[in-house]
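All chains, full assembly: derive it from the sequences and hints.
Now for the letters of each chain:
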Amino acid sequence: MPSVQLQNVGRRFGGVNAVGDVTAVVPNGAFVTLLGPSGCGKTTTLRMIAGLESNTSGVISIGDRIVSDPSRSLFLPPEKRNAGMVFQSYAIWPHMTVFDNVAYPLRLRRLTREDVRAKVMRALDLVQMTAYAERPAPLLSGGQQQRVAIARAVAFEPSVLLLDEPLSNLDAKLRDEMRIELRALQQRLAITTIFVTHDQEEAMALSDRIIVMRSGSILQDDTPEGIYFRPSTLKVAEFCTTSTIIPATVVASRPGTRSRVLEVRGDDWSGMVQSATDVVEGAGVSVIVRAESIRADADPASVSGDQDIRWRGRVEKNVFRGFRRTLVVRVGEIAFTVDAAPENDIRVDQEVTLSVSLKDTWSIPAAAAAASATETPL
Amino acid sequence: MPSVQLQNVGRRFGGVNAVGDVTAVVPNGAFVTLLGPSGCGKTTTLRMIAGLESNTSGVISIGDRIVSDPSRSLFLPPEKRNAGMVFQSYAIWPHMTVFDNVAYPLRLRRLTREDVRAKVMRALDLVQMTAYAERPAPLLSGGQQQRVAIARAVAFEPSVLLLDEPLSNLDAKLRDEMRIELRALQQRLAITTIFVTHDQEEAMALSDRIIVMRSGSILQDDTPEGIYFRPSTLKVAEFCTTSTIIPATVVASRPGTRSRVLEVRGDDWSGMVQSATDVVEGAGVSVIVRAESIRADADPASVSGDQDIRWRGRVEKNVFRGFRRTLVVRVGEIAFTVDAAPENDIRVDQEVTLSVSLKDTWSIPAAAAAASATETPL
Amino acid sequence: AAQTPEWNRIVEAAKAEGKVTLYSGHVGVPYHPEVAKMFEAKYGIHVEILDLRASDLAERIRTEQATKRIAADVILNGAGTLWLMKNQGVLAAYGDLPDLGRLRADVEKDDARLPIYIQGYGIAVNTRLVKDGERPRSWKDILDPKWKGKILADDVRSLGGGSTMFATTYANFGREFHEKLATQDPQFSRTVRENARRVARGEFAIYIPFSLPDLLLNKNLPIAGITPVEGDVYAQFDLSAVKDAPHPNAARLLMNFFLSEEAQLVYVRSARVPTIKGLESKIPADVKDIVTAKLLGTSDPARIDADLKLANEIYK
Amino acid sequence: MLAALTLYPIGTLLYGSLSSAPPGQAGTLDFSGYGALFNAHTLSILAVTIGMSLLKTVLSLIPATILAWLISRTDVPARATLELLIGLPFFIPPILTAMGWAMLGNPTAGSINQVWQALTGATTPIVNVYSYGGVIWHLMQFTVPFAFILLVEAFRSMDPSLEESSRTSGASVFTTFRKITLALMLPALSSIAILSVIGGIEAFESPLFFGSPAGIHVVTTEIYDSINNRATPNYPYATALSFAVIALMALLVAWQWRALRGRSFQTISGKAFAPRPIELQSLRWLAFSFCVLNVLIFTVLPVLQLVVSSFSQYYGFYGWDMLTTSHYHDVLHSDLFWRSTINTATLGVVGATLTMILGSIVAYIVVRTTLPFRHVIDLIAWLPWMMPGMVLGLGFLWGFAVLPHAIGIYGSLWALLLAYLSLGTPLSVRTMSTAFSQLSHDLEESSRVHGASWALTFRKIVVALTMPSFSVGWILTFFMVFRELSASVLLYSVGNEVLPVTVLRLWEEGKAEDVSAVAVLMLAIVVVFRGFHLIMVKRWIASRT
Ligand SMILES: Nc1ncnc2c1ncn2[C@@H]1O[C@H](COP(=O)(O)OP(=O)(O)OP(=O)(O)O)[C@@H](O)[C@H]1O
Ligand SMILES: Nc1ncnc2c1ncn2[C@@H]1O[C@H](COP(=O)(O)OP(=O)(O)OP(=O)(O)O)[C@@H](O)[C@H]1O
Ligand SMILES: [Mg+2]
Ligand SMILES: [Mg+2]
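Protein chains in written order, with my numbering: chain A, 1 to 378; chain B, 379 to 756; chain C, 757 to 1072; chain D, 1073 to 1617.
Don't read these hints as lab results, they were simulated from the structure.
Keep in mind the model is a prediction, meaning the values are calculated, not measured.
Built from N, CA and C at the ideal position, the CB exists for glycine as well.
One should not assume that every hint holds.
[Stated by the list, open to error] Cut-off 27 Å, straight-line C-alpha distance, at most; resulting in silico cross-link-like pairs (BS3-like, lysine-lysine):
1. B:K695 x A:K173
2. C:K798 x C:K771
3. C:K999 x C:K824
4. A:K317 x B:K737
5. C:K936 x C:K1072
6. C:K999 x C:K842
7. A:K173 x B:K737
8. C:K865 x C:K842
9. A:K359 x B:K551
10. A:K359 x B:K695
11. C:K1033 x C:K798
12. A:K173 x B:K551
13. A:K317 x B:K551
14. D:K1532 x B:K458
15. C:K1065 x C:K904
16. C:K1065 x C:K896
17. C:K1072 x C:K902
18. D:K1251 x A:K80
[Unchecked claim] Pairwise CB distance ranges, derived in the manner of DEER restraints:
19. A:G15 x D:I1369: 38 to 46 Å
20. C:D1056 x D:T1425: 47 to 55 Å
21. A:G15 x B:D503: 22 to 30 Å
22. A:I180 x B:G683: 32 to 40 Å
23. B:A509 x D:V1422: 42 to 50 Å
24. B:R450 x A:G14: 54 to 62 Å
25. B:A562 x A:R258: 38 to 46 Å
26. D:V1380 x C:K936: 37 to 45 Å
27. A:G15 x B:E559: 25 to 33 Å
[Unchecked claim] Some chain A residues close to chain B (C-beta under 10 Å, calculated; not the full set):
28. E225
29. F323
30. E343
Put into structure tokens, the structure is as follows:
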């Protein structure tokens, strides 16, 4: 199975720069996710790889073959790229039945009747739609249509699979199952897969690597853990995690186990935080603490000793969300977002002690943070 | 603002019973969510309330007014129902700009130019789309279109708001923000809101009540906590929570604090579980333990004493999902799903002790479970 | 014209009616409006002219009569068609007109049909393809085998010049003439208006029957019109008053006006033969040959269906 | 309304076909007209007519579909200009193109044959327009642009992702075109095919011009004969023949219902899409050449001929000394020309607007509702198109004349307007039902929910979204009024002269050159109209690009 390479790929629509300058490699057989806010260029990137949109600059290769290079007027049409794609709008053909929709790419490849039947039914089985095979496509619910689109994209075992928010209309249960099926299929056939999602958790659970995009360019290209625990910019942290960002000043800096450790001081608090790089004394940093790594205790005494930083604040909100409960706790200027256990009995207006341990902290130099803050919004 | 009542409402499409027999009341100003697997009839129910689909049986009322009653050939057309709706397919008008799309319902209501402008901009602001006001609708990305649909539905302050998966194409960050905005707006204007989502967490976070549907009928209509902690059937538990279901036999039964407590025995284990009802000795029950309430410890000694039931098993999978890590632990026949902290260092193939405390358990008599299991799938 | 008091009363009544409507079934002739203008100038009575194809005209008149919504006062049409209409009972007698006496004795007329002009049909040849000496001089010359495949003809199986020629030549030369003509493989065309041009362009050498007044429309083209020695086939055009017409007096006044010298000369100038006496000296030189040509005959309206049947038999 | 416009005149015709005497006169019930249908001659005429019509439809639809697709969905160069040019021949009076082709392709002196013979030394002609093929070729002259104009709009309103998903499934541009695009265009294609088949059966000029000399008889010439070439017109036979045609055509329409039933062709979805042209890459210039070739044959040739002729003393005789502007002078100084043009334009504007409104409503009912009688309505809307024009004209004449005297429609402009409405409705219903069947329901539903009544939704969403089709339909009906002769000539009256009648007059006077001048002036209007229209459509689409 081929790898997919993007080199300085860009796409302008008239005055709009939908994709700026993207360079990335999706290795052979890997599962890579494009993650980013709405309108950041994910769909456009995927379409360029599929050959549905021509890049206005840069080079796209699949395997050893350059499939698009506008500077040399080179462009391989989509049907030659052997890519399966799920469209954000599903693009189910309304004049066909479910079966015919899925069978279409197979029939194009001149498979025998039995093979077509077998593969279609296998693909429909994967998405739990066998019972609907003979239904005309427009009579399906939104989620059912989306599942047909997935079946159609995988049925012919393409060498590259491009998925544009393929699970967005499915419920968590089904989504979980489909994720597992999709991942299993992808690994069994070693299909190079590029997946677009707006769901961070899904991205983390499925991907070998995640490419975080914003305003048409790549912010970070890393493993899920890298993105999650060691975001390179504030934007990534904000987008990929539920975190609280606290400004602080560096007091001292020393090497730690996995990264450097900074001693920092904020309003009324001080403590140790991790950092990717050394930061000079006196410089500002943004400290990042993730919601699920903060403990909230009504009784300060119950906070265990291995927690490195503590704050005291007042609970402003308490939202039940099923398997977790989100608290908003105000500490001076800053509103902390804290994940708590669902049966937690902390009430609004209660005073609580928040604490976090060194290994759950991260920090980014304020200069970098400022730079990314001045970035013009799309 | 009016309430919405459904009395024995059903809808057949030829041979398909899309909605069976739904009876529910959405109180004045409440925020109620329809939750259920793909194809269970959520969209159809919403469309019947909007007047886009006529119910083939039953009575629908909005406020004091019966809006649809096929037995009396009574049917109020959609434009008389003053409902705002976000369609699963967005239904953005491609021949209009973003502004005109949102202004449409306002202009129909003959507002002055300035009022229209002000309200449109306020609605666009709500969905962070002011910068796109003059953009033709087809040039938006999927998520942007969805946001325009939301703005259009709320701009004219309808008395009933019907939302069909309005946030499905937004990223978690934006979705969180939009949820908060939506909820605030709904509460400020006290709009009776019916929300369809496939996202359990979202349903829990937003709703006053949740109606869980399956195959066209209602399984449970309850508060988020009720649904989550005290599911009435196994189906609800399976759909709304990530739980492990363990068969067991009742040994004894006694009243507990919030519910009855059963003493049960399974393969190689025994313990106390909560139950809604008394169950006779010797009868079977399905014990439900939610993934986030199970502790997994490599060292059995570190399990604290207040954990009521324990199992010992082997880790089969360990999936990083950002703010949590999902373990699959095999105990005999049963595969437990366990949520662990993201930095957890438990590895695959390791032996772990699982434990859960009484307050985190729930059980359902096996008879009821069996009944719902034989239900024919749609 | 004799100014009898009775006629004066009719003139006054006509002026009181103020207008008269003429349905014309001879669409190809642009001269009726000219005559109408003269009439208007003379009497101050407005003439409305409606151009209709002969069959459409017949149907409109019939419908108007059947529903008593009569708009037409006077009809101008081929003598044969008017004969048929007369038999349908939709025409009125025109009665005594002051200028009736001017009519030539040799034109056919009756109490309902007033002859106005005659149009002659001869043979047209392409002057480039047919040398002067080779031109046919008689209708029978076209039977010469050298013209085989080179003759364009109005369809003899359809009403108009073609059927008139068929009926006349059949009556005069017999069936044999047509059986021979059929072996010449004439190309039948129904787009009559194009035929002269097609010959001029050289598609065919000969065109029959050629409406000789059309020579005026094709002046600079390589086409010549020939009156055969036996004479031209002709069609006569008549005026009739409509039964229960809304303006009966104006109708009669108009009909009478068509017999005036000025009106007749309009048609003479277009190379059509007048129906009144005494114009011989006033025929312009360029149309003299055509207007004074010998006439062979015309078709008999009573035999229309029979002739068409014959034509269909002979020309499969 | 629709019934009054179509059923009434046709009802009088049915009466006419069954009565021994024409309407208005006492007659007895008489089936002789129908009896006369069942003989070898009539049946062979029906067979020839239908065969010819089917053949020309197939032969026209192939290039028209390819052209429409290239222009609307790909990046062929100079699309806008090509679109204008390819559609142009539709607006040239057929009699003039017939003259043109007669000159080019007649076996003895036709330019094509002369060039051929000069080049090869052959003595036999290679083409003869006075033949079966000639009739078909001339019919195509009209059908190709007609089908093209209608198809372009249908293609345009298609969500490109439906094609794109086929491309990524492994289908080439052309396979996609065949299997997805064409299949999705089935309502449009079948409607246009039926319009074209019926149009072919009704065509009069081509068989008259090119068929009669070759002994080819079709239904229209037969009807013409039975009305015109008899001492007393045989209306029972003529109308019975027309009803036989209607019966056959109704089968065709029923077949279309069957073929499309239960399938959906919604190509404009609630998830808005940007119209992205398909990049043809290396095929781009090949496609362009194909378009240009078509333009040369079907547009440039006849239009050039027309323009040259309108400046020549004689149609078809060219030479510097023959150049003149006198035809324009004559035409432009004719009161009758101006009066009839103004009348026609007025009738055209009012007629086209009303026709399109009526057609849209009917189409909506047929496509979008589940009313029990919608198929009947659909069929009724077809009827005026199925009835040969010269017979239908009679129906109007009879119908309007028989009305009580208090209703003074006969002899007024109203008669013409109503006739045009009835004649235009089939086209408008077809155009709009194709457009409507492409709209997904949620776009309307969302308007209803947000407070717009059905009528408002219809206007602001349904019609607005199908504006390109609506305007194309408008232009087609508008110019239909400019050429409709059969009904016009029977219904017009003094002061109400309309252009087709004036043109007929000029033609009968042997002034083919003046007719050319009128046609050139008309084409100029067409170009202005279409140019403006295309710019509007572009802007409408640009608002989406
Ligand atoms: N045809 C077009 N013309 C102009 N701008 C466009 C066009 N298509 C997309 N855009 C713009 O380009 C940007 C990127 O669009 P894209 O569809 O790639 O976003 P996305 O990341 O897929 O977003 P979403 O998650 O909302 O689907 C958006 O701001 C969009 O408005
Ligand atoms: N017009 C129709 N004809 C026949 N069946 C239909 C029609 N519309 C919907 N259905 C069926 O009715 C059932 C309920 O559909 P509905 O759209 O209400 O589902 P849903 O709960 O909204 O699902 P999703 O979450 O996937 O959008 C589905 O099984 C669907 O296939
Ligand atoms: Mg997208
Ligand atoms: Mg749905």
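Evaluated hints:
1. A distance of roughly 18 Å separates the Cα atoms of K695 (chain B) and K173 (chain A); the hinted pair therefore holds under the 27 Å criterion.
2. For the hint linking K798 (chain C) to K771 (chain C), the alpha-carbon distance of about 11 Å falls within 27 Å, and the restraint holds.
3. For a cut-off of 27 Å, the pair hint linking K999 (chain C) to K824 (chain C) stands: about 10 Å separates their Cα positions.
4. This hinted pair checks out: K317 (chain A) and K737 (chain B) have alpha carbons roughly 24 Å apart, not beyond 27 Å.
5. Of the supplied pair hints, the one linking K936 (chain C) and K1072 (chain C) holds, its CA atoms being roughly 13 Å apart against a limit of 27 Å.
6. Restraint check for K999 (chain C) and K842 (chain C): the C-alpha separation of about 10 Å stays at or below 27 Å, so the hint holds.
7. Of the pairs offered as hints, the one joining K173 (chain A) and K737 (chain B) holds, with about 24 Å between alpha carbons and a cut-off of 27 Å not exceeded.
8. For the given pair, K865 (chain C) sits about 12 Å from K842 (chain C) by alpha-carbon distance, which is consistent with the 27 Å threshold.
9. Between K359 (chain A) and K551 (chain B), the direct Cα distance comes to roughly 24 Å. Compliance with the 27 Å bound is thereby established for this hinted pair.
10. Our distance criterion of 27 Å between C-alpha atoms is met by K359 (chain A) and K695 (chain B), whose separation comes to about 24 Å.
11. In summary, the hint linking K1033 (chain C) to K798 (chain C) is supported, as the alpha carbons are separated by about 22 Å, within the 27 Å threshold.
12. Only pairs whose Cα atoms come within 27 Å are accepted, and K173 (chain A) paired with K551 (chain B) is accepted, the gap being roughly 22 Å.
13. Distance hint between K317 (chain A) and K551 (chain B) is fulfilled; the C-alpha atoms sit about 18 Å from each other, no more than 27 Å.
14. Of the supplied pair hints, the one linking K1532 (chain D) and K458 (chain B) holds, its CA atoms being roughly 18 Å apart against a limit of 27 Å.
15. A C-alpha spacing of about 24 Å is found between K1065 (chain C) and K904 (chain C), which places the hinted pair at or below 27 Å, so the restraint holds.
16. At roughly 23 Å between alpha-carbon atoms, K1065 (chain C) and K896 (chain C) fall within 27 Å of each other, so this suggested pair holds.
17. The suggested pairing of K1072 (chain C) with K902 (chain C) holds, with an alpha-carbon distance near 22 Å, which does not exceed 27 Å.
18. Under the criterion of a C-alpha separation no larger than 27 Å, the hint pairing K1251 (chain D) with K80 (chain A) is consistent with the structure, at around 17 Å.
19. Distance hint check: the CB atoms of G15 (chain A) and I1369 (chain D) are about 41 Å apart, consistent with the given range 38 to 46 Å.
20. For D1056 (chain C) and T1425 (chain D), the hinted distance range of 47 to 55 Å is satisfied, since their beta carbons lie about 52 Å from each other.
21. Range check, G15 (chain A) to D503 (chain B): about 24 Å between beta-carbon atoms, so the 22 to 30 Å window is met.
22. For the pair I180 (chain A) and G683 (chain B), the supplied restraint of 32 to 40 Å holds, since their beta-carbon distance comes to about 36 Å.
23. Checked against the given bound of 42 to 50 Å, the beta carbons of A509 (chain B) and V1422 (chain D), roughly 45 Å apart, stay inside it.
24. For R450 (chain B) and G14 (chain A), the Cβ-Cβ distance of about 56 Å falls inside the hinted range of 54 to 62 Å, so the restraint holds.
25. Separation of A562 (chain B) from R258 (chain A) is about 41 Å and conforms to the stated range, judged on CB atoms against 38 to 46 Å.
26. As the Cβ distance of V1380 (chain D) to K936 (chain C) is approximately 41 Å, the hint placing it in 37 to 45 Å holds.
27. About 30 Å separates the C-beta atoms of G15 (chain A) and E559 (chain B), a value consistent with the hinted range of 25 to 33 Å.
28. Because the smallest distance between the Cβ of E225 (chain A) and any Cβ of chain B comes to about 6 Å, under 10 Å, the interface hint for this residue holds.
29. Nearest Cβ of chain B to the Cβ of F323 (chain A): about 4 Å, under the 10 Å cut. The hint holds.
30. Annotation: E343 (chain A) was flagged as interfacial toward chain B, and the flag holds, the nearest CB pair being 7 Å apart, inside 10 Å.
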